[in-house]
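For the record, the sequence lines run as chains A and B.
Numbering-wise (our numbering), the first sequence opens with residue 1 and increments by one.
Numbering-wise (our numbering), the second sequence opens with residue 1 and increments by one.
Because the hints were derived from the structure by calculation, they are not lab data.
Positions of the beta carbon are idealized from the N, C-alpha and C atoms, including for glycine.
Please note that the accuracy of each hint is not assured.
[Unchecked claim] If you anchor each label on the Cβ, the simulated ranges turn out as follows:
| hint | chain 1 | residue 1 | chain 2 | residue 2 | range |
| --- | --- | --- | --- | --- | --- |
| 1 | A | 72 | B | 160 | 37 to 43 Å |
| 2 | B | 72 | A | 31 | 22 to 28 Å |
| 3 | B | 168 | A | 21 | 14 to 20 Å |
| 4 | A | 63 | B | 124 | 17 to 23 Å |
| 5 | B | 134 | A | 21 | 46 to 52 Å |
| 6 | B | 90 | A | 24 | 28 to 34 Å |
| 7 | B | 119 | A | 37 | 44 to 50 Å |
| 8 | B | 192 | A | 31 | 21 to 27 Å |
| 9 | B | 163 | A | 33 | 36 to 42 Å |
| 10 | A | 70 | B | 160 | 39 to 45 Å |
| 11 | B | 84 | A | 21 | 36 to 42 Å |
| 12 | B | 167 | A | 2 | 23 to 29 Å |
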Amino acid sequence: MNEELDSQLSAMFDDELPSGECELLARRLSRDDALKARWGRYALIGAVIRAERGVVLQSAVAGRVNAALSHEPQLATGTDGVPLPSAPWVRMLSGVGLAAGVAALSILWLRAHHGGPLLASAPMTVASVAATPVVAGVARRRSSGPDSYVVPPSTPQLMTSMPPTQLADYVVAHSAYSWPISGGSLLSSLMVSEAAVGPPPAAPRRRVVRQAAGHGHATQRPH
Amino acid sequence: MSADVSDLSLVRRVQRGDKGAFDALVLKYQHKLVKLVTRYVRNPAEAEDIAQEAFIKAYRALPQFRGDSAFYTWLYRIAINTAKNAVVSRDRSPVDYDFDRDSIDESYDMQGRLKDSETPEGLVLTDEIRQTVNAAIEQLPEDLRTAIVLRELEGLSYEQIAASMGCPVGTVRSRIFRAREAIDRRLREVFEGGLGRTEELG
């Protein structure tokens, strides 16, 4: 047995081990029967020193609890805010979902405030997200004029304050997380929407974004 | 050092479905819990039953444990409630909560209770464990014995022990570990060698 490990075990038993080391040792302790037996003997030593005379030192409680719980299902909590067991693929999907959701909301918000063709292709998304500000924005936008999938003449000025290149930058930056589900569709939607606004950029997307950021203003597109 | 870190790390593992971590919590607290329950029920075997029930209840309730209090405090409450319910359901009066243990003749009262519920072999082993641990403590160097007693009997933190003994915290940690190792070596011999070896060990 590793002496350093045993020393850590002793400190952990006394609640004197740093939390990071505790996490690692708790994992090992839960799987290592020899370590667990040593842990139990440390408890026994404490009981004797405290002269817990009423207690049967050769207690069968631990074994009986273990046997009783062997028929119990494993805990898989979530009711108290404790994270559920997260396999790597679960964590990946969570990240992907979050990135996709944020990107979709950004696009919808942008289109709701500045109008755009994406609304036509995303009514289901709006309904499912049910985000009040977005819906309110859509309602306001629609009440100010007739429903139209044609970009209104004022769009270029509005785009100056929230250029699509920033959105493109956001989507590209998050593409590492979102591509398995929505990266392709988001990017293609964006490209379609930009195509509706104006001609596609001649240079690669990343380069255009950098240029726009470098000049500190959005790329103006002819219309 | 924040309190209850080690228990909490084990609790979190149990909450993620690791039953082995719960074994460690049971091993750590079984003696304390049985001792606690013996305030309510006279029979040690019944106290063990109630402690077992309390641990199982705790396991099932662990998803609701948020860590707002120390794990043992939470477990303590479960055990108390389980013991009270057991007493009520069996229509028994609890033992006087404030009785003075020292005023009771232990050879009659406590050991007498053990004889009611435990096998002779179990009792012999219990006595042997006690003798072995006490003999091992007696043989410890002074600094190791002081450190382990301050920790286990007085419940002092490493920092408090360090201040008391005038040494660094790291030294305290090392002393307590070495004391436990020395005692544990003797204990392992008892468990592995069977009964009747106390005289050889002492």
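When you take the CB atoms of residue 72 of chain B and residue 31 of chain A, is the distance between them in 22 to 28 Å?
Once the Cβ atoms are compared, 23 Å apart, the range 22 to 28 Å for residue 31 of chain A and residue 72 of chain B holds.
If I claimed the Cβ atoms of residue 167 of chain B and residue 2 of chain A lie 23 to 29 Å apart, would that claim hold in this structure?
holds (25 Å)
Between residue 72 of chain A and residue 160 of chain B, does the beta-carbon spacing fit 37 to 43 Å?
holds (39 Å)
Pairwise beta carbon distance, residue 119 of chain B to residue 37 of chain A, judged against the given window 44 to 50 Å
Because 22 Å falls outside the window, the suggested range is violated.
Verdict for residue 134 of chain B, residue 21 of chain A (Cβ pair) under range 46 to 52 Å:
Violated: the Cβ-Cβ distance is about 32 Å, outside 46 to 52 Å.
Confirm or reject the claim that residue 168 of chain B and residue 21 of chain A have a C-beta distance inside 14 to 20 Å.
holds (18 Å)
Supplied distance hint 17 to 23 Å, evaluated on CB atoms of residue 63 of chain A and residue 124 of chain B
Holds, at about 19 Å.
Taking 39 to 45 Å as the stated bounds, is the beta-carbon spacing between residue 70 of chain A and residue 160 of chain B within them?
Check passed, 40 Å falls within 39 to 45 Å.
Between residue 90 of chain B and residue 24 of chain A, does the beta-carbon spacing fit 28 to 34 Å?
At roughly 45 Å between Cβ atoms, residue 24 of chain A and residue 90 of chain B fall outside 28 to 34 Å, so the hint is violated.
How does the Cβ-Cβ distance of residue 192 of chain B and residue 31 of chain A compare with 21 to 27 Å: does it lie in that range?
holds (22 Å)
Taking 36 to 42 Å as the stated bounds, is the beta-carbon spacing between residue 163 of chain B and residue 33 of chain A within them?
holds (37 Å)
With 36 to 42 Å as the target window, see if residue 84 of chain B and residue 21 of chain A comply at their CB atoms.
Between residue 84 of chain B and residue 21 of chain A, where Cβ atoms are some 38 Å apart, the hint holds.
The structure does not agree with the numbered hints 5, 6 and 7 stated previously, though it agrees with the rest.
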